[in-house]
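Given chain V, put chains B, R and C in place with the hints provided.
4 protein chains.
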Amino acid sequence: MPDPFVHRLRVRYAECDAQGVLFNAHYLAYIDHTITELWRAAYGGYQNMLERGVDIVVAEAQMRFLGPARFDEEVILEAVVTHMGMTSVTSRHRFRAGDGRELLDATMRHVFVDRETGAKTAIPDWARAGLKPWHMPGPAS
Amino acid sequence: MPDPFVHRLRVRYAECDAQGVLFNAHYLAYIDHTITELWRAAYGGYQNMLERGVDIVVAEAQMRFLGPARFDEEVILEAVVTHMGMTSVTSRHRFRAGDGRELLDATMRHVFVDRETGAKTAIPDWARAGLKPWHMPGPAS
Amino acid sequence: MPDPFVHRLRVRYAECDAQGVLFNAHYLAYIDHTITELWRAAYGGYQNMLERGVDIVVAEAQMRFLGPARFDEEVILEAVVTHMGMTSVTSRHRFRAGDGRELLDATMRHVFVDRETGAKTAIPDWARAGLKPWHMPGPAS
Amino acid sequence: MPDPFVHRLRVRYAECDAQGVLFNAHYLAYIDHTITELWRAAYGGYQNMLERGVDIVVAEAQMRFLGPARFDEEVILEAVVTHMGMTSVTSRHRFRAGDGRELLDATMRHVFVDRETGAKTAIPDWARAGLKPWHMPGPAS
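Protein chains in written order, with the numbering used here: chain V, 1 to 141; chain B, 1001 to 1141; chain R, 2001 to 2141; chain C, 3001 to 3141.
Here chain V stands alone, though its shape is the one from the complex (with noise of 0.2 Å):
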């Protein structure tokens, strides 16, 4: 079983609302975070496969809230390739405390497309090789 990628976010308090915890939203922005990272780490960043003529976007987030992450606090991101389809990849996003609370499990469905046309356009071959070390098959959530 290959280990997940994993990313480290410390809360900003702009992030914090009102409650002194992070916003919702910013969860799905935490994700998206991590997502730049991986790409980094499997086909050297998202100006790269901007270059080859592919873009990404998100069509599907599902998402379950299991506890606050506070301002200040080091959030644990995990994430692996649960899904590898014809022009869509889907991977799913655990949260952590640093104290092993769970805060945040995730499922994403993003699809690429053509850059210029914005058409959905099947996964590059260079694409699939650079996700491979985190595709880890299986249920997603």
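Honestly, the hints are just simulated from the structure, not real lab data. Fair warning: this is a prediction, and the values are worked out from it, not measured in the lab. Heads up, none of these hints are tricks.
Here are the computed lysine to any residue pairs in the SDA-like style, where the Cα-Cα straight-line distance is at most 25 Å:
hint: 1; chain 1: R; residue 1: K2120; chain 2: C; residue 2: V3021
hint: 2; chain 1: B; residue 1: K1120; chain 2: V; residue 2: R101
hint: 3; chain 1: B; residue 1: K1120; chain 2: V; residue 2: E102
hint: 4; chain 1: B; residue 1: K1132; chain 2: B; residue 2: P1004
hint: 5; chain 1: C; residue 1: K3120; chain 2: V; residue 2: A18
hint: 6; chain 1: V; residue 1: K120; chain 2: C; residue 2: G3020
hint: 7; chain 1: R; residue 1: K2120; chain 2: R; residue 2: T2082
hint: 8; chain 1: B; residue 1: K1132; chain 2: B; residue 2: R1094
hint: 9; chain 1: B; residue 1: K1120; chain 2: B; residue 2: T1090
hint: 10; chain 1: C; residue 1: K3120; chain 2: R; residue 2: G2020
hint: 11; chain 1: R; residue 1: K2120; chain 2: B; residue 2: G1020
hint: 12; chain 1: C; residue 1: K3120; chain 2: R; residue 2: Q2062
hint: 13; chain 1: R; residue 1: K2120; chain 2: C; residue 2: G3067
hint: 14; chain 1: R; residue 1: K2120; chain 2: C; residue 2: F3071
hint: 15; chain 1: R; residue 1: K2132; chain 2: R; residue 2: V2113
hint: 16; chain 1: V; residue 1: K120; chain 2: B; residue 2: R1064
hint: 17; chain 1: B; residue 1: K1120; chain 2: V; residue 2: L66
hint: 18; chain 1: B; residue 1: K1120; chain 2: V; residue 2: R70
hint: 19; chain 1: B; residue 1: K1120; chain 2: V; residue 2: G67
Pulled a few chain V residues facing chain R out of the computed Cβ check, cut under 7 Å:
hint: 20; residue: Y13
hint: 21; residue: A14
hint: 22; residue: C16
hint: 23; residue: D17
hint: 24; residue: A18
hint: 25; residue: G20
hint: 26; residue: F23
hint: 27; residue: F71
Heads up, the beta-carbon is just placed ideally off N, CA and C, and yes, glycines get one too.
The following block gives chains B, R and C in isolation, referenced to the frame of chain V:
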């Protein structure tokens, strides 16, 4: 059949990403803005709810992104309450552009919590009654 | 003396920080939202400006924070153009709460740039004319 | 002469606007992120400060935007304390890109307030001592 609750938001420049469209995490924020307005209509606003000793937290989100919302475009957000359980409220959110294009179809589950302890609490009668005008039971999505 | 350009924004939950008030960086975003509306009134909107080949970038900001803006509070934003130079426009922005409390007094300097090259460019005549109704020369702050 | 306090931030996709560069309001947020780290180094973090009964609010900001910060670019943020008055601290913030380009030169004034009453309060001795290593008196900008 009741009418959905309708809110309108114009896409701000700061909310657009380098693709020139509303960044994905802001869709979740837009749902939050809509729910703030729904609460205002349903029971006099969020502050009013806090003063009665309850708060609300997001438990689940399921989102299907159907098309991009562009800078300065007005988005029409329609919300209905699809289920009121013992402690949680499920709502469905559809975003459309002014020209009719579908942008998002999402289902949210919020949980009522005691403001002091943070523990789940039964939906108060006044909250249940307040949401009733937009209660449209049915399959969530 | 001309009237200032007036825009109103309600403080969103996601914009509040753990102090329960509008986070400082969002004041700068609010100025940006106001300027978007000023451009709409002055010359048909930002997109229209881009299509004529010019863009605008922020060069300077001077802000005095006079009091907190609270969640769900409506903020009244007044803008006047205090100076139109060769390539830059200086504007003053005052934020007040509905109850009259002063929230912010800011001065911004924006520079017109060629959309393609990014180089400074003279303020086009149509832009100068469009801003004229809100031009109130005087000491900036 | 003391060395400035240095923090590094990578520009996130969600922080870029449709011009493909860091949106102007996020520069103010970046200063806030830097100050959070400065506080950690100076006196054990923001929470620690709150527990001692004081909080800090922004009173003034002066910003000169010198060049765009691009997506995924690492920004080097240097901060020095230029003045410690009775109740307020003035700091200077310079942002540079990895290739040396200057991005921002800003001066901030923060005021210490009593956490309970919100009233201005004298800078506590422990705070004054904690900031001393980065105190570099001089013209702010």
